[in-house]
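S.K.: In full-length UniProt numbering, the protein residues as written are 1 to 293.
Since no wrong hints were added, every one of them can be taken at face value.
Listed next, with one range per pair, are the computed distances between beta-carbon atoms:
id: 1; residue 1: 163; residue 2: 3; range: 19 to 27 Å
id: 2; residue 1: 281; residue 2: 21; range: 45 to 53 Å
id: 3; residue 1: 163; residue 2: 242; range: 51 to 59 Å
id: 4; residue 1: 235; residue 2: 157; range: 28 to 36 Å
id: 5; residue 1: 105; residue 2: 264; range: 23 to 31 Å
id: 6; residue 1: 281; residue 2: 5; range: 49 to 57 Å
id: 7; residue 1: 65; residue 2: 140; range: 26 to 34 Å
id: 8; residue 1: 229; residue 2: 87; range: 28 to 36 Å
id: 9; residue 1: 6; residue 2: 228; range: 42 to 50 Å
id: 10; residue 1: 159; residue 2: 23; range: 21 to 29 Å
id: 11; residue 1: 5; residue 2: 245; range: 49 to 57 Å
id: 12; residue 1: 249; residue 2: 209; range: 17 to 25 Å
id: 13; residue 1: 253; residue 2: 27; range: 34 to 42 Å
Hints listed in this document are in silico derivations from the structure and should not be mistaken for laboratory results. Ideal Cβ placement from N, Cα and C applies to all residues, glycine included.
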Amino acid sequence: MYDIKNIYEAYTVDEAIKLKQEHPDASFIAGGSDVLVKIREGKMAGLELISLQLIDELKGVSMEDDGTLRIGALTSFSHITADPLVKKYCKTLGEAVDTAGGPQLRNIATIGGNICNGAPSADSAPTVFAYDCIIELKGVDGIRELPVRDFYVGFSTVDLKDTEVMTAVKIKKESYEGYFGHYFKYAMRNAMDIATSSCSCNVKFEDGFVKDVRVAYGVASSTPVRAPKAEESLKGLKLTDNNINVFAKKCLDELSPRDSWRATKALRKQVLYEITVRCLKEIRKEHEEAVYA
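Generate coordinates for the entire structure from the input sequences, incorporating the hints supplied.
M.R.: This is the structure:
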């Protein structure tokens, strides 16, 4: 069923990099929820694998001295959803990855693998964009960091060099502190299905008005994408029904969904509008409950 030529186990990031240098045609594998499916389908048959699964330094969630939340690339979706730091500071990320597949998949799927796969339908993707995350990589030339928006360079393509390993997702304090967020995924089934389209939004309020907003989408372009012009237009306004509807329409002007076997472009545009409205209404509700609690 699985045509694998060889598999090598790495116990540290440096060892993984060294193994990649020694076996340049080998592919890294984390949880395997994407790679193993491709191997089974024959798309990657007969290849060599370098397993990252035993690298403990890539697992877990921690808080750095400056308040940056650090999520190891090998941290599973189940771990992220249940982690106390994630629940307290960026619960939207936990809610987003909790929509992926079923419990078995979430127990093995990793945040790093989900991002490095580059798929615009990835359940983590819109939310890491909405949190303006930093991607940390390590390779033969040392550590490299870049904004997640620069990490995705095309459809299922990321800026990851051959000998680099993604080591962490980092969320700066100013990117999560004081924000209310929500994630909404539309799929043909309620569970265990890939997103037809998805939206993640974070809003910071000041005296009832929008001080800052970040909205990001999955399956709305060839990569996960923000709507910066629409975001700017909402600042200084209240989240009234009319302002929310106008904002959602402006977001559509910055998106480029496509036709596919899963949904037509027209359906996706309607879905993207609706889930934007629902995200913002949920955020408004949560903010009002916090203010009047």
